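Novice: As a plain string of letters, each chain reads:
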Amino acid sequence: AQSVAQPEDQVNVAEGNPLTVKCTYSVSGNPYLFWYVQYPNRGLQFLLKYITGDNLVKGSYGFEAEFNKSQTSFHLKKPSALVSDSALYFCAVTHSGSARQLTFGSGTQLTVLP
Amino acid sequence: DSGVTQTPKHLITATGQRVTLRCSPRSGDLSVYWYQQSLDQGLQFLIQYYNGEERAKGNILERFSAQQFPDLHSELNLSSLELGDSALYFCASSVDGAPDSPLHFGNGTRLTVT
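If you read the protein sequences in the order shown, they are chains A and B.
Take -13 as the starting number for the first sequence in the working numbering and just add one per residue.
Take 4 as the starting number for the second sequence in the working numbering and just add one per residue.
A couple of the hints might just be wrong.
With a straight-line cut-off of 35 Å between C-alpha atoms, the simulated DSBU-like cross-links for lysine-lysine are [what the hints assert, rightly or not]:
no.: 1; chain 1: B; residue 1: Lys12; chain 2: B; residue 2: Lys60
no.: 2; chain 1: A; residue 1: Lys55; chain 2: A; residue 2: Lys44
no.: 3; chain 1: A; residue 1: Lys55; chain 2: A; residue 2: Lys8
no.: 4; chain 1: A; residue 1: Lys55; chain 2: B; residue 2: Lys12
no.: 5; chain 1: B; residue 1: Lys60; chain 2: A; residue 2: Lys55
no.: 6; chain 1: B; residue 1: Lys60; chain 2: A; residue 2: Lys35
no.: 7; chain 1: B; residue 1: Lys12; chain 2: A; residue 2: Lys44
no.: 8; chain 1: A; residue 1: Lys55; chain 2: A; residue 2: Lys35
no.: 9; chain 1: B; residue 1: Lys60; chain 2: A; residue 2: Lys8
no.: 10; chain 1: B; residue 1: Lys60; chain 2: A; residue 2: Lys63
no.: 11; chain 1: A; residue 1: Lys8; chain 2: B; residue 2: Lys12
no.: 12; chain 1: B; residue 1: Lys12; chain 2: A; residue 2: Lys63
no.: 13; chain 1: A; residue 1: Lys8; chain 2: A; residue 2: Lys63
no.: 14; chain 1: A; residue 1: Lys35; chain 2: A; residue 2: Lys8
no.: 15; chain 1: A; residue 1: Lys8; chain 2: A; residue 2: Lys44
no.: 16; chain 1: A; residue 1: Lys63; chain 2: A; residue 2: Lys44
no.: 17; chain 1: A; residue 1: Lys35; chain 2: A; residue 2: Lys63
no.: 18; chain 1: B; residue 1: Lys12; chain 2: A; residue 2: Lys35
FYI, nobody ran anything at the bench for these hints, they're computed from the structure.
In this text, all values refer to a predicted model and were calculated from it rather than measured experimentally.
So here's chain B without its partners, still in its complex pose:
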């Protein structure tokens, strides 16, 4: 068990809708990352937060947004959903957000857009 908790495990919704994915990092970790995993794109980095502040941005669409709260949990908001947004969304955390720190991944939220 990595200590990273993601909810919900599964989400099925329709095109055009909005969903929120939630992540609680491992105890003591200050940095949270969001990744998208799909068969055609592989693992894509979306965004990173450190102690509540955005630190790095990757291939995150404008329809997507995220934040990290004072208690360090994070939420990823996906809006105007399209069929192509169907994927496994992972949250990961690390102790200090440094490039040499290993990431600890949650078990993911599987999003299906119909």
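In isolation and in its complexed conformation, chain A is listed as follows:
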């Protein structure tokens, strides 16, 4: 079975400060990890993915994520938060041999305060 945990329902950060949204996962085999963002009344938008290679993955809108195999984590980061980054963020996991599709975490609401 595969699962994702996003331990924080809500993250608040001041504009200009660095942000981190946490994600841990459980999967058999090598994980494929994704981050998606959802703005109000919209569908999810793909931000970035880790499949293999460099543990630091860069994605859209200045976001990056660090894959840590020993801690089974894939935290989303951004050096300087913008008010427009306020949204719901989802981590998701699957693996190469998976007949199942992406399993999503419960989501973390990020609020960037001006």
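Given the coordinates of chain A, work out where chain B should sit on it, guided by the hints.
Specialist: Just chain B, lined up with the frame of chain A:
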């Protein structure tokens, strides 16, 4: 804009009724996915099609069915509707249906069962 089109945007119907949700994938994408998003269950994978064939099944109820047509658009049929079926239903598409391919989501159909 993801390029995935879902209709209708909103649907209000009564218990026991049947509805059809429609999805046009992004141009060039061969695989279509259906997800259900609700406050208590989060994002749940329902079903995946690839080039007209069912590829994977998730937590889809027997009262629900789907298909993908030769022009690659897809329909999700929900019958004998219950109050608990009220949710946001998302369609997503990917180019090849592989586990490492990002999903592109539509803006969803909000179903309200009264």
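Novice: Indicate, hint by hint, whether the structure satisfies it.
Specialist: For each hint, the structure was consulted:
1. This hinted pair checks out: Lys12 (chain B) and Lys60 (chain B) have alpha carbons roughly 24 Å apart, not beyond 35 Å.
2. For the hint pairing Lys55 (chain A) with Lys44 (chain A), the CA-to-CA distance comes to about 17 Å; that is within 35 Å, so the pair holds.
3. The straight-line distance between the Cα atoms of Lys55 (chain A) and Lys8 (chain A) is roughly 14 Å, inside the 35 Å bound, and the hint therefore holds.
4. About 40 Å separates the Cα atoms of Lys55 (chain A) and Lys12 (chain B), which puts this hinted pair outside 35 Å; it is violated.
5. Between the alpha carbons of Lys60 (chain B) and Lys55 (chain A) the distance comes to roughly 29 Å, so the proposed pair stays at or under 35 Å and holds.
6. Using a Cα cut-off of 35 Å, the hinted pair Lys60 (chain B) and Lys35 (chain A) holds, with the two alpha carbons roughly 23 Å apart.
7. For the proposed pair Lys12 (chain B) and Lys44 (chain A), the alpha carbon gap of about 33 Å is at most 35 Å, so the pair holds.
8. In summary, the hint linking Lys55 (chain A) to Lys35 (chain A) is supported, as the alpha carbons are separated by about 15 Å, within the 35 Å threshold.
9. In summary, the hint linking Lys60 (chain B) to Lys8 (chain A) is supported, as the alpha carbons are separated by about 29 Å, within the 35 Å threshold.
10. A C-alpha spacing of about 33 Å is found between Lys60 (chain B) and Lys63 (chain A), which places the hinted pair at or below 35 Å, so the restraint holds.
11. Of the pairs offered as hints, the one joining Lys8 (chain A) and Lys12 (chain B) holds, with about 32 Å between alpha carbons and a cut-off of 35 Å not exceeded.
12. Our distance criterion of 35 Å between C-alpha atoms is met by Lys12 (chain B) and Lys63 (chain A), whose separation comes to about 33 Å.
13. Distance hint between Lys8 (chain A) and Lys63 (chain A) is fulfilled; the C-alpha atoms sit about 9 Å from each other, no more than 35 Å.
14. For the hint linking Lys35 (chain A) to Lys8 (chain A), the alpha-carbon distance of about 15 Å falls within 35 Å, and the restraint holds.
15. For the hint pairing Lys8 (chain A) with Lys44 (chain A), the CA-to-CA distance comes to about 16 Å; that is within 35 Å, so the pair holds.
16. Our distance criterion of 35 Å between C-alpha atoms is met by Lys63 (chain A) and Lys44 (chain A), whose separation comes to about 10 Å.
17. With a C-alpha separation of about 13 Å, the suggested pair Lys35 (chain A) and Lys63 (chain A) falls inside the 35 Å cut-off, and the hint holds.
18. Using a Cα cut-off of 35 Å, the hinted pair Lys12 (chain B) and Lys35 (chain A) holds, with the two alpha carbons roughly 29 Å apart.
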